[in-house]
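S.K.: Put together the whole structure using the sequences plus the hints.
If you read the protein sequences in the order shown, they are chains E, H and D. The first sequence stops at residue 276 when you use the working numbering, and every number in between is there. The second sequence stops at residue 289 when you use the working numbering, and every number in between is there. The third sequence stops at residue 482 when you use the working numbering, and every number in between is there.
Calculated directly from the structure, the hints in this document are not laboratory data. Mixed in with the good hints there might be a few duds.
What the hints assert, rightly or not - Calculated lysine-lysine pairs in the DSS-like style (CA-CA distance at most 27 angstroms, straight line):
id	chain 1	residue 1	chain 2	residue 2
1	H	LYS175	D	LYS245
2	H	LYS62	D	LYS429
3	E	LYS268	D	LYS432
4	E	LYS136	E	LYS268
5	H	LYS175	H	LYS152
Said to hold, decoys possible - Facing chain D, from chain E, some residues (calculated, C-beta under 10 angstroms):
id	residue
6	GLN62
7	TRP109
8	ASP111
9	ALA122
10	PRO126
11	TYR127
Every value quoted in this text rests on a predicted model; they were computed, and no experiment measured them. Cβ coordinates follow ideal geometry from the N, Cα and C atoms, glycine included.
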Amino acid sequence: MSLPVQKTYKNFVGGVYVRPESGRTKDFLGSRVPVSSRKDLRQAVEAANKATVPASAYLRGQIVYRLAEMLSARKQEFIDYLKMEGLSQQVAEQEIELAIDRVVLMAGWADKYSQILSSINAVEGPYFVSTAPEPKGICVLAAPADPGLTILLTRMLAAFVTGNPAVVLFESSCLSRLALAELIQASDFPQGTINLLCGQLDELLPVAAAHKQIALLDLSLEISNLSEFQEIATSNLKRLIIPTAEQLDPASSQSASVSVLNDFCEQKTVWHPLGF
Amino acid sequence: MPIDEVAVHERVAKFTARSVKADSKMNGLLTIVSMIDLTTLEGADSPGRVHRICQKAIRPAKNVPSVAAVCLYPNLIAQASEELQGSSVHLASVATGFPAGQVTIEAKIADVNQALQAGADEIDMVISRGALLAGGEQQVFNEVIFFKALCKRKEAHLKVILEVGELADFDQVRKVSMIAMQAGADFIKTSTGKIPNAASMAVTLVMIEAVRDFHQETGRMVGIKPAGGISSAKQALHYLVMLSETLGPEWISPEWFRFGASSLLNDVLRQIEKQRTGNYEGDDYVTVA
Amino acid sequence: MSQSPKFSSQLSPAPEGLRVDLLDRYGLFINGRFVEPASGEWFETISPKDQQPLALIAQAGIKDVNKAVQAARLAQPKWAALPSSERAKYIFRLARLLQERMREFAVIEALEGGKIIREARDFDLPQAVQHFFYHAGWADKLQYAIPGVANPQPLGVVGAIIPWNFPTLMLAWKIAPALATGNTIVLKPAETTSLAALMFCEIVQAAGLPKGVINIITGDGQTGAALVNSKVDKLSFTGSTSVGKMIAAQAGDRKITLELGGKSANIVFADAALNQVVDNIVDSIFANRGHTCCAGSRLLVQEPVHDRLMRLLERRMQTLRIGDPLDKNTDLGPINSLQQLKVIQDLTASGIKEGAEAFTTRTSLPRKGFWFAPTVLINVTPDMRVAQEEIFGPVLSVITFRTPEEAIQLANNTPYGLAAGVWTNKGSKALKVASQLKAGVIWQNTYNRFDPTAAFGGFKESGWGREGGLAGLRAYLKEPKQ
Numbered sequence: 001m002s003l004p005v006q007k008t009y010k011n012f013v014g015g016v017y018v019r020p021e022s023g024r025t026k027d028f029l030g031s032r033v034p035v036s037s038r039k040d041l042r043q044a045v046e047a048a049n050k051a052t053v054p055a056s057a058y059l060r061g062q063i064v065y066r067l068a069e070m071l072s073a074r075k076q077e078f079i080d081y082l083k084m085e086g087l088s089q090q091v092a093e094q095e096i097e098l099a100i101d102r103v104v105l106m107a108g109w110a111d112k113y114s115q116i117l118s119s120i121n122a123v124e125g126p127y128f129v130s131t132a133p134e135p136k137g138i139c140v141l142a143a144p145a146d147p148g149l150t151i152l153l154t155r156m157l158a159a160f161v162t163g164n165p166a167v168v169l170f171e172s173s174c175l176s177r178l179a180l181a182e183l184i185q186a187s188d189f190p191q192g193t194i195n196l197l198c199g200q201l202d203e204l205l206p207v208a209a210a211h212k213q214i215a216l217l218d219l220s221l222e223i224s225n226l227s228e229f230q231e232i233a234t235s236n237l238k239r240l241i242i243p244t245a246e247q248l249d250p251a252s253s254q255s256a257s258v259s260v261l262n263d264f265c266e267q268k269t270v271w272h273p274l275g276f
Numbered sequence: 001m002p003i004d005e006v007a008v009h010e011r012v013a014k015f016t017a018r019s020v021k022a023d024s025k026m027n028g029l030l031t032i033v034s035m036i037d038l039t040t041l042e043g044a045d046s047p048g049r050v051h052r053i054c055q056k057a058i059r060p061a062k063n064v065p066s067v068a069a070v071c072l073y074p075n076l077i078a079q080a081s082e083e084l085q086g087s088s089v090h091l092a093s094v095a096t097g098f099p100a101g102q103v104t105i106e107a108k109i110a111d112v113n114q115a116l117q118a119g120a121d122e123i124d125m126v127i128s129r130g131a132l133l134a135g136g137e138q139q140v141f142n143e144v145i146f147f148k149a150l151c152k153r154k155e156a157h158l159k160v161i162l163e164v165g166e167l168a169d170f171d172q173v174r175k176v177s178m179i180a181m182q183a184g185a186d187f188i189k190t191s192t193g194k195i196p197n198a199a200s201m202a203v204t205l206v207m208i209e210a211v212r213d214f215h216q217e218t219g220r221m222v223g224i225k226p227a228g229g230i231s232s233a234k235q236a237l238h239y240l241v242m243l244s245e246t247l248g249p250e251w252i253s254p255e256w257f258r259f260g261a262s263s264l265l266n267d268v269l270r271q272i273e274k275q276r277t278g279n280y281e282g283d284d285y286v287t288v289a
Numbered sequence: 001m002s003q004s005p006k007f008s009s010q011l012s013p014a015p016e017g018l019r020v021d022l023l024d025r026y027g028l029f030i031n032g033r034f035v036e037p038a039s040g041e042w043f044e045t046i047s048p049k050d051q052q053p054l055a056l057i058a059q060a061g062i063k064d065v066n067k068a069v070q071a072a073r074l075a076q077p078k079w080a081a082l083p084s085s086e087r088a089k090y091i092f093r094l095a096r097l098l099q100e101r102m103r104e105f106a107v108i109e110a111l112e113g114g115k116i117i118r119e120a121r122d123f124d125l126p127q128a129v130q131h132f133f134y135h136a137g138w139a140d141k142l143q144y145a146i147p148g149v150a151n152p153q154p155l156g157v158v159g160a161i162i163p164w165n166f167p168t169l170m171l172a173w174k175i176a177p178a179l180a181t182g183n184t185i186v187l188k189p190a191e192t193t194s195l196a197a198l199m200f201c202e203i204v205q206a207a208g209l210p211k212g213v214i215n216i217i218t219g220d221g222q223t224g225a226a227l228v229n230s231k232v233d234k235l236s237f238t239g240s241t242s243v244g245k246m247i248a249a250q251a252g253d254r255k256i257t258l259e260l261g262g263k264s265a266n267i268v269f270a271d272a273a274l275n276q277v278v279d280n281i282v283d284s285i286f287a288n289r290g291h292t293c294c295a296g297s298r299l300l301v302q303e304p305v306h307d308r309l310m311r312l313l314e315r316r317m318q319t320l321r322i323g324d325p326l327d328k329n330t331d332l333g334p335i336n337s338l339q340q341l342k343v344i345q346d347l348t349a350s351g352i353k354e355g356a357e358a359f360t361t362r363t364s365l366p367r368k369g370f371w372f373a374p375t376v377l378i379n380v381t382p383d384m385r386v387a388q389e390e391i392f393g394p395v396l397s398v399i400t401f402r403t404p405e406e407a408i409q410l411a412n413n414t415p416y417g418l419a420a421g422v423w424t425n426k427g428s429k430a431l432k433v434a435s436q437l438k439a440g441v442i443w444q445n446t447y448n449r450f451d452p453t454a455a456f457g458g459f460k461e462s463g464w465g466r467e468g469g470l471a472g473l474r475a476y477l478k479e480p481k482q
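M.R.: This is the structure:
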């Protein structure tokens, strides 16, 4: 019997795999996974800040569609990860198939959401006035605690598809989520547009809440001290998004509706006179 | 005349879609060599470097024409002038406080005179961008007139570097091109090569069209020199296509078009060999300048 | 070495290297496979560059048409009942497979239709692919298509007839939205450009699409008439206004989309970016040999810049390369057919007879095949036939104007209303002129730009309805009942 070569799991920041700055790791189901600190979060935010999300909606859609292809090709591997992380064969299979279809759905949003969320406004006076969505900026997303990828992917891609770079934080279900990095890298996401950090959320989230470069904090898990968070987050009035229960239910159509995308957008109105 | 930036880029895409093959490619490559201003503008330039670059300029490789010119800092002109004696290669000096131009007018004058006396027959001057961006178009115009007069006395030609990477937009590029030409520039040049945004096909097209329109109005021909950022033969061939389709056959000559480049030459030489032998060339088979 | 051969703009030939193998003959694609036509009739398709025959194409008769419609009818309920995510994935497959074979389709379009390979490769095929991707993403989002309608329903079977000027792109424009909304389709390509649609059937099969969802029937106008008269629930036609009117007369209570002809005005104000205007004039009237319904075939120039613009345009036209559409450097290929060539020749001659002056690209034209040099007619007045009738060729009619009001009046003075261009450096003028032009697509400081997200279609006799975007999607869904 040949000795297996064990896989090392690292964070994914700026398009490359990095160890946590502190060097801290923990055991997770027999593998070592990173325990990220505030420095890692800072680096991820810097990478997101330097990143260029493609301006072309079509290109963003193509990248996400390729992610669906990558996940589909490695379906079995991710089912196995979820089983290791505690789901039954049937539930794991359903979850991954749903995740694949969800990524396909998100790919299709890229060149459509602005048609639904924008308007030409019938103002009084000779002006051409439009209102249209723009990206908010750097989005930090805390993934759900329970094992599964659909909601994490939905919300991460909602940020990307609407033009925002994203940093995803998680504490549990570490192997499947860290392995996502390989799919992301293979799908030609530009460096720094998606960053994945594994770590203690009770350490990382307050730092994220206070960080003034972050435009939006998306919390897909329960926060015990929400009002404290809200106060810290007002340092730069970053948007604090708390998805509803339906939005967190992968089987619900609410979880991938246009309102989810709208949360990651900022509306801009532009006026221009009409006159010879 | 305003410039539409998007349409300029779309036009450029048509030039880069041209497929230059076989005889066209070979002729193009040889023409490019003859249009290169082989350039070195480093603090570390030494007499040894000057010697090597001048020899390379005269004889880039077997069965290949000389380049158009060597381009150097004023301090190195005297030696280069001796080295290039008897060859067809021109000697261009950057001057007027290259690259930033943030020196006094007296210093600029001294700069140009030193280079001319040392034997330069071409001067690549920089315009005062700071003054321009504050609205000083008249000052830019006056400076070009003045330096052109200095050059004329020594029968040298004057290239005016616009430093397009510092200009506001294509409209300003066209405007400044016109100012330079109206003031007597022999060549308009895109860049110093010392800041990140150097030549691009788009900005060069804007300048080429300005030259064409100026010629249409006044009958005077002015040359164009894109500099910096052109390192592959493929890119240079696209520039030739752009030149020939916008200005025409008369302009395809080192008298009216130059490439300000350093590493371009070797890529062109490798491509020439590939055209001749059918095999891709390696780095070790062309000489280092 | 002092003298060396100089680079010349006479570029060496650069023929497209990819060869596409054609069959001797192609049957009809009905219910997932190729079948012989019940009519027993075939016709030849040729290459317009040298009139060489390429293959035999089946002529679908009434029986064949009805068989195809029946196949689509039987397949439709199951197709519509599929989970929307499955429908989306099928259409994504079509997009991907077409994307992988773009170059082959480009070669076919150049060979059979005369379109230059550069355009087919750089515009037609990428657009067609993008069209499939765009609509695939609507299949699972139809609840957003019609405000207030949670679950919009398809119409049923779509009968589509497409023209010869954008063989693959027009096919995408019809098939993608029809399928995304749960309809099935019977499509008839133009008789001079059937091969791209037939090659598309291979993609349909490779995608594993359920049988009968897409059916392709080839043939001439008679086949088209049979399709119009059949039991399809919706008709989607792109072609001439005269045929469009006939179809409209036979619509009955069926929904119908018509993309017809145009005589679009390209308006150039004195403050325009003239050098870029010249480039875009070439795009707007000489691209695809002017075989574009939305071509800017009337150039309205503000008087002060007329002469300068004509000089720039004439100079630019001399750089246009006319020749083998399969050469990557060719700018203009042959006219699509002898019939169309005659129309172009006749109308151009009428223009000169009625008092216009002409300048052209001065170049020799190949002897075999159907060729016409790009031509500009100046001193055209609105009463001339070349100012009113669609030429559908590389011929530009130039008319001058003085004020914005005059430009708008001239531009709107036509039964057509497909497109218009507005060139000015002044934003408020561009917007105000656009607001008063009676055209379905207005290009400001650009021309002939298309995107699946941007609805396209005409006012007045240029057609009914829109294609692309949400507006186009709705055309394939039932209006909610009160």
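S.K.: Between the alpha carbons of LYS175/H and LYS245/D, is the straight-line distance 27 angstroms or under?
M.R.: violated, 52 angstroms
S.K.: With chain D as the partner, please determine if ALA122/E meets the hint condition of a C-beta pair closer than 10 angstroms.
M.R.: violated, 12 angstroms
S.K.: Would you check the hint for LYS62/H and LYS429/D, treating anything up to 27 angstroms between C-alpha atoms as holding?
M.R.: Outside the cut-off at roughly 60 angstroms; violated.
S.K.: Is the hinted pair LYS175/H and LYS152/H satisfied, with a Cα-Cα distance of at most 27 angstroms?
M.R.: Measuring from Cα to Cα gives roughly 24 angstroms; hence the hint holds.
S.K.: Under the criterion of a CB-CB separation shorter than 10 angstroms, is TYR127/E in contact with chain D as hinted?
M.R.: holds, 9 angstroms
S.K.: Does the structure keep LYS136/E and LYS268/E at a Cα separation of 27 angstroms or less?
M.R.: Distance of about 11 angstroms is within 27 angstroms: holds.
S.K.: Does GLN62/E meet its interface restraint, that is, does its C-beta lie within less than 10 angstroms of any C-beta in chain D?
M.R.: holds, 7 angstroms
S.K.: Hey, LYS268/E versus LYS432/D, does the alpha-carbon distance stay inside 27 angstroms?
M.R.: holds, 22 angstroms
S.K.: Hold the hint about PRO126/E up to the distance rule: shortest CB distance to chain D must be less than 10 angstroms.
M.R.: Since the shortest Cβ distance to chain D is 7 angstroms, the answer is holds.
S.K.: Once the shortest beta carbon distance from ASP111/E to chain D is found, is it less than 10 angstroms?
M.R.: holds, 5 angstroms
S.K.: Identify whether the interface hint at TRP109/E stands, where standing means a beta carbon of chain D within less than 10 angstroms of its own.
M.R.: holds, 7 angstroms
The structure shown violates the earlier hints numbered 1, 2, 9.
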